[in-house]
Amino acid sequence: MHIETCSFREEEGWSAPFPDLDSPRTLVLAFAASAYADRPAPFRELARAFPEATILGCSTAGEILDAQVTDESLAVAVVRFAEGRVAAASAPIADAADSHLAGRRIAHELSGPDLRGILVLSKGTQVNGTALAAGISQAVGSGVVVTGGLAGDGTRFQRTFVLDAGRPCPDRVVAAGIYGENMVIGHGYGGGWDIFGPERLVTRSAGSILYELDGRPALALYREYLGDLADGLPATGLLFPLSITPGGPGDCSLVRTILAVDEATQSLVFAGDIPQGWRARLMQSNPDRLVDGAEEAAAAATRPAPAPSLAIAVSCVGRRLVLGERTEEEVEATLAALPPGTRQVGFYSYGELAPAESGECDLHNQTMTLTTLSEV
Amino acid sequence: MERLLARQLQKLGLTPQQPPAAPAWQQLLAAVDDSYRNGGRARYLLERSLSLSSREMQELNDSLRRISAGEIALERDRLESVIASVSDGLCVLDDAGRLVRANAAAALYLGRDAAELSGLPVLSLFRLHTPGEPPLPDDGTECLRMARLGAVYRDENALLIRDGGVHLPVSCVLSPIFEAGKAAGMVFLFRDVSVQRTAERSLIAAREKAEEASVTKTEFLATMSHEIRTPLYGVIGMTDLLLDTALDSEQREYAETARRSAETLMALINEILDFSKIERGRIQLEEAEFDPAELVEDVLDLFAVQAQEREVVLVFAPSPDLPHHIVGDSARIRQVLTNLVSNAVKFTSCGEVKVTVSLARMDKEGGLLALRVADTGIGIPAEALPRLFDTFTQADSSTTRRFGGTGLGLAISRRLTEAMGGAIDVQSQAGMGSVFEARVRVRWVPAAADDRRYPAIVPAPRLLVVHPSPSVRRQIADMAAAWGTSVADCPSPAESAVLQRQAAGEQRPFDVVLTASSLCSQGPPSTFDPATRAVLLTGAETPPEELRSVPRIHHPVRRASLYATLTCAAKGAAAAAEPPGAADCPLAGVRLLLAEDSPVSQRITRLMLERLGARVDVVADGREAVQAVRSLPYDLVLMDVAMPEMDGIQATQAIRAWERETERPALPILAMTAAALASDRRRCLAAGMDGHIGKPVTQEILSGELTSCLARRGLPVAVPAGEASRT
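So the sequence lines, in the order shown, correspond to chains A and B.
Here numbering that gives the first Met the number 0 is used: the first residue of the first sequence is 0, the next is one more, and so on.
Here numbering that gives the first Met the number 0 is used: the first residue of the second sequence is 0, the next is one more, and so on.
Looking at chain B on its own, in the form it has when it is part of the complex:
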C-alpha cells in the first residue's frame, strides 16, 4: 500500500482490515481527496511549467538566431567594405589557384567583370618568377607549390599581361589561408608598381650619367697631365744640360731653382696621373719576391737628406722574426711607405720618425704585413681625422700653403692598401705626433722559410755606439744584438772614452766604436785600444775633409752595412765599410734615361743611379721615352716594360725604327721587368733591347749591369774593383 495511504489510515487510527466508522470515514475521505487534489495540482503545474518554459526556450532560440544572423551580416558587410576599399588587387583563390572572389580593384586591373573572373586561374594572367638566383619565369606552378606548403610567395618584378601588349609591372604576394590549422585556399595581392619602376630607371640613368661624368673628368685629368708632362720633361732636360755648362754662381742658382721647381711640378703631375689610374680601376697587382726590411731601408734612404735638414732622426726597428723573403707587390708597398714617410718627415721638425715592420700570420698561404710610421710632428686635429684619406683634402687649407702636396697621397695609399687586401689607419693628436699603419696581404715564399741572411757573427764582436739620439743607439744595438754582438752605447765622446778605458782594463776591448760624425767636430774619433776600429756614422752629407779618411757607414743604417762592418771586425780583416774612393761612382758622367711609370720606383731607381754617379732623367711611359730620346742625348735607356699608353717593347721598337730612319747608332736599352720568364726575355731581345734586369733592382745589380753594358759599347766607365772581370 502507498506509504501516504498507510499513514493517513494510521493517523486516523484505522486499519485496512476494519471499515471505518462514519466520522473517521469522512476524515479519511477528506484526506484522500486532499491527496488527489494535491496530485492533480502538481501535475497541472508540471505540465504548465513544461509548456511555458518550452515556448520561452523556443522564443529565446529564435531571437538568438536572429541576433546572430544580424551580427554575422554586419560583420560580413564590414569585411566587404574593407576588401572593397583596398586599392591593390585582392583575389581569394581556391587550392588549385582558381579565383573564388576578387575585389573591385582587381577586376579593374584585370579588365574583366566579376562573372568572367569566377573560377579563372588568375595566376596565368601574370608573368611571375621563381625565387632565387637567377629567377626564372614561372607560370604560377612554383608559387602555388610554395603556398600549398604554407610558405608565402613574393615577386617584386612580376608583370600583368594585358591585351594590347602593354604589360603592367606589379609586385605581388601569394599567401596561404589557414582555417583551423589547415590550408584552405590562398590570398593573392598585387600592386601596380609602374610609377616606382619609372623612378628607378631615372635614378639608374642619373647615376650612370654621374659615373660617366666622373670617368670623363678623370680621363680629362689624365690627358691634360700627359700634355703638361711632355714639355715639362723638356724643361727638366734642358735645365740639366744648362747646368752642365759653365755658369757663374748666380746663374747656377737660378738654373738649379728652375730645375727643382720643374721636378716638383713633375712629381705633382705624376701623383695626379697615378691617382686617376687608380680611380679608373686599372690597378693590376704584381707579385715579386722581396725582403721587407730592405724595402724599408730603401725608402728611408730617399729621405735621409730631407730628414737631416729638418733635424728629424729616422729610426727603423724591424721585428726580429721578420722573414727575409716574402711575396707581394713590392712596388706598391714601397709607394705607400714612401707616402707615409714623406708625410711624417714633412710634418716633423726636430723630432723623430720611427718605422716598424711586423708580419702577422693569417693562414698557411700568407699573412698581413704591417708597416707603422710614427712621428713626433705637429699631429692631426681630431676633426680632420675622418676626412684624412679622402681625395683632395689636407688637414686644413693652410697645410697646403706651408707644406705643399696635392692632397692625393693618402687617398692613393688607401686605395692601394685596400687593393692589396689590407687597410690603412691613423692615430694622432694635435701637437703630439701621428702614427700611421698600413697593412697589406703578402704570401709566404714556398720552401724559402727561414734562411738567415745574417747569421750570427762568430766570434761575437763587441760594439760601442756613440750617438746623441737614444732611438738611433737603440736601433743599432738591437740590430747588432740579433747577430750575437754584445753592444754598449753612450751619448758623448767623453763617456765613450770612459767605457773604452774600462773595457780595456777588463781585457775585453771593443772591436768597433761607431761614432756619430756630428760628435766629431774636434777631429776624427780616437780609440783607446789600438785593435779597436773607429767607424763614423754619417748623415746624408759628405763628411768634412778631416774625417774623410775614416771608414764610414750612413744613417739610416742599413743592416748590410753594419753586418759587413762587424763581420770584418770579427775576422780581423780590413774594414769593409763603404770605403771612400772613385769606385763609389762607376757611372760618373753617364747620362741615363729612366722610363718607369711608378713614381716611387722612379725615385728609388734614380737615387741608386745617382749614387752610382749617373745623371738621370725620368719619364713615365713609352711615348714620353721615345720623345725624350729624340730630343736629348742619352748614353743608356733603362726601360720598364710594363707601362701605360705605350709599353717598353713598343717604345724600343719605335726608337729602333727612328734610329734606322735617321741612321743613328743604336742606343743601349736595358729592359726592367718584374716577371722573369724566358719568353719575356725573348720578346725584349726581339724588340731590339740589349739586356734585361729583374725587378726589384738593387744598387749592386744596377751597377754591375750598367757598367758591363756600357763597357761593351766602349763607353767610358769607372769599373769598380772586383767588377772588371764581369762581362
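Next up, chain A with everything else stripped away, as it sits in the complex:
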C-alpha cells in the first residue's frame, strides 16, 4: 500500500501538494482542530482532490502527525491499498440514547464477507461510548477489529464534529470498513495510570452520570482532591480518572474520564457508563508512566508486514493535560516502538474505542490506543 501524509495550517496552507492516490481503494484520514467547523475550506479541497476515496475524519483535542502534536491544524494521511478495499458508513446520534442503535446501523452497513476492521469516529459530547461500542460489537463477527475514537474539542468540551461525505457534522458517527483477506489490522492500548486511595462504592448513578460515591456527592470529592485546581473543572477533572470494577475478585477494571460537571446535582458526567453498585478508585499518573504506557500500546499493535504500515494513534485529552509540554514524548515513543518506516497519524480524543481484554471493542479513557494497517 501507498501512504502519504501532509498537514494544513491556516497561515501556511498545505505543507505539501496532494499525492496522486485517488481511487476506490483509497482511504483519507483527516483530523482537525474543532475551529475548522467554521472554516471548512480544507475539507472541500480534500473532497475535490479525492472524489473516489473514502474520507474519514473528526475534530480533536490535538492533532498527531508522525512524531508531532499540533493544535489549530489539520493532520492528513492518504493511503491507497493494493488489493484491500474500503467502504464508508454513517449514522445519526442526536443524543446519548441513540448511541447503541447508531452503532448497530454502522455495523449493518459495513458488514460483508471479508470485512477485517472498522474505523469508527463519533461525536465527542452527549454520546455514550460504551453503548456505541456495544452496538457495533454485537452486530459484527468476532474476527472484525473495531477501533476509533470520540471527537474532541480541545479542553472546552463544547462542540465537536465528524466528517461525513467531506463535510463537518456535529451529530453523527462515521466509519470506514476495511475489506480484504490480505489486510492485517493490529491493535494495542496502554495506560500508565495508577490507582490510589480507598475503594469507594458507587452508591448512586444513572448511565454515565455519577451522583454519589459512598453516599457523598461525587463533585465534592473531586473538588477536595483538586484543591486550587478545582476551578478548572471539568478539564482538571481529567487529572483524576476513575477506575471502576464490578467488585468481584479477579474482575477486570475500566478507566473512565470526566466529560462535564453539573453543579446543580453535584454530579459528574463521564464518557461511559458508571454502573451503580460498582466499586471506584481514583487514579493518578505522571508523564514517565504515561509514556511507558504508550510504548506498550505500540508494542502490542505491531504486526510483522513486508511493507511499511500506517499507524492510527487515538490518545486521550486527559493524558495531554498530565503530559503538558511533554505530550509529544508519547507519540515519539510510539513511533520509535513501531517498525521503522511506519507512518503515524491520529488525534487526542474524548474517548478511545479499541478491543479490550475481552477482545470486544469497548470505550477506553485516558488511554493511548493504536491501530496498525498493513497489507501482506
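Treat the hints as calculated values from the structure; they're not laboratory data.
Using N, Cα and C, we set each Cβ at its ideal position, and we do this for glycine too.
There are no misleading hints in this set.
Facing chain A, according to a computed beta carbon distance under 8 Å, are these residues of chain B, among others: (1) Arg2; (2) Arg6; (3) Gln7; (4) Ala30; (5) Asp33; (6) Arg40; (7) Ala41; (8) Ser48; (9) Leu59.
Cut-off 16 Å, straight-line C-alpha distance, at most; resulting in silico cross-link-like pairs (EDC-like, lysine to aspartate or glutamate): (10) B:Lys10 with A:Glu328; (11) B:Lys10 with B:Asp33; (12) B:Lys10 with A:Glu324.
Fit chain B to the given chain A structure using the hints.
Here is chain B on its own, set in the frame of chain A:
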C-alpha cells in the same frame, strides 16, 4: 540535557550554543515557565492526593475497627445469652481440668459463686466412673486423659458430691475443644437426672413385683396341681380295682368311663405341672445315648390305636443316613414329638400323619436333629399362627370344645426345643393340613460313628407289600430297600395274585408277601408259591379269629420287626415275626406302680408294661409314690430316681421305713436312672432298692428285668421262651 528542554529549544529553532534573539528568548522563557508550573502543579496534586487519601484510609480503618468491635461485642453477647440460658451446668475448663468459666446453672448446682469457681478443678467435685465393664470409680484422671486425646467422655451414672452428704445423680459429658485443629481446653456439661433415677427405680420395683406375682401364680398352680393329683390317683387306683371285680356290662361301662375321665384329668394336670416347672426355669437337660429312629417308632406306637380309630395312616420316613446312636435329652425330645404327633392325629380324620427325621451336621461336636410332623388335617388359619406357641391359646375357642387339651402343649414344646438349643416352627394352611418342625441340638457319640445296626440282608430277599395306602407301601419299601431287599408293591389282593404269578413264572418268587389285614376280610392271604411266606400287617387291634394263626407285624412298622421278618425269610428259618402266644404277656396279672415325672416317659413306659400284660398305675413324684404304696397293693414299683419334691431314693427310704414300722414284707422296687455311674447304683441299693434299670428303657429290658425280679421274689410270672435261664 533534559529531553524536554532539548525539545523546547529545538521547537524554537534554538541551539544551546547560541543565545537566542529576543522574541525566541521570550518564547523559550514562556515554555520553560510553563514546564515549571506544570511540575509545581504535579507536585501539589501529588502531595495533596497523598495526604487526603492517607486521611481517608485512616478514617476507614477506624470505622472498620469500630464496626468490628461492635459486631464482635454483639456476637459475644449473643453467645453469652445462649450459655446463660442453658439449664444444664456448662463449664469451660482449661487443659488441666481447671475451671475457666461456668454458666449460672453450673454455679447454682455447685453451690458456689463465679469467683470461688475460677481455677477450681471442677471434676474433683464429682464422682465419675471409668468407661467399660465393670466401671470403676474415677477421680477425673481417666476422663481428662480421654479428652486430651480428643475423645468424648460420657458418664450416665455420675454423682455430684454436695455438702451435707446428699449426692445428686447427674449424667455428664466432657468434650475437648478444638481451635484451629489443636486441643484448647474442654467443655464439661452435666445434667441433674435425679428425677429419671427415681422413675427407673419405680419401674424396676414394678417389674420385680410383676415377676414375683407371676412366680407366685405358677407356684400356686403347682401346689394346687399336687393337691388335686393325690386324690385323683386314688380315684384311678380305685376304679382299677373296681374293674378287677365282677361287674355287669353296664357297671363295667360306667367304671371304664370314670377311669378314662380320671386319666384325662390327670394328663391335663401333669401338663400344667410340667409347664410350671419349665416356667420356673427348672429345666435341667439330661444326656443319654439313643437311637432317633427308634424314639420316633416308640412315640408312634402310642398313637396307633387313636390313629386307627380316626382312620389316620401313620407313616414314618427316617432319612437314610440317620445315625443309630446320638446323644441328647431323649426324654424331652420324646415329649416334644409326642406333643406334635398328638396334635397331628387329633386334628386329622381320614388322612395321613407323616413323620420325618433328619440330622444336619453343624460342627464336629454335633448337629441339629430335625423332627418333622406333617398332617393332612384341618390346618391352622393364618391369623392364629403367630399366637400358636403362646400359652393357653388354641387356634380358636371352639378348638378346646371339640378337641380338648390345655393349650399348653405347644408352649411347652417351644420352651423345651429352645432349651435344647433349637427352635420349633409351623407351616399351615386352613383346610390343607400343617407341618410342624422341631429342631434340637444333639451330639455325636464319640467313636460310635457308623455301625450299621441293620446290615444288608444276604442273600437279598424279595418282598411284596400289599396295602391300600401308598404312603405305607412307600415307607415299607424304603425301609426294606435300605437293607438290599428288592421290593414290589400293590394296593389290592387281586393285583398281588397277578404279581406273584408273574414272579413265579420268572423263577423268582417272593420270599415274603406282607398283606394289610384290612384287605383280608375273606380270610388269610394266599400265596402262589409254597416257599413264599405270608405275613399280616395289622393295625393296633387284635386280628379276628381266622387270622390269628398268621404271623403278623404291627403298623406303624418298626424296623426291628420288618428286619427280623426278612432275615428269617432269607435264612429260610421259621418266621420270627411276633408270634402269637402266651409269651406275649409275661407280666399278665401283675400290678405295677410306675413313679416317673415326665409325662411322655410315663406313657411310653406304661405302654410297654401294658404290652407285657401288666396293669400299671402312674404317679409323678416320690411323695405320691409313697402315698400310693400305702393305699393300694402293688406287686412291684418302678421308681424313677430323679423326681421333684421327693426323689426316688427318699421315697424308697420312706417306703422301707413304713414297711418296717408296719411289719410288712418288702415291696420289690426297681430304680430307673439315666446316669449309669457305679456310685448311683450303690446309692440305690443302699436306700433299699432291689435293682436298677438304665434309661431309656426298652420293652425287652423291662420284660427281662421285671420278670427276673418278680421270679426271684417267688411271684407268678409267665417266663418267655429263652428267658428262663436268666436270673
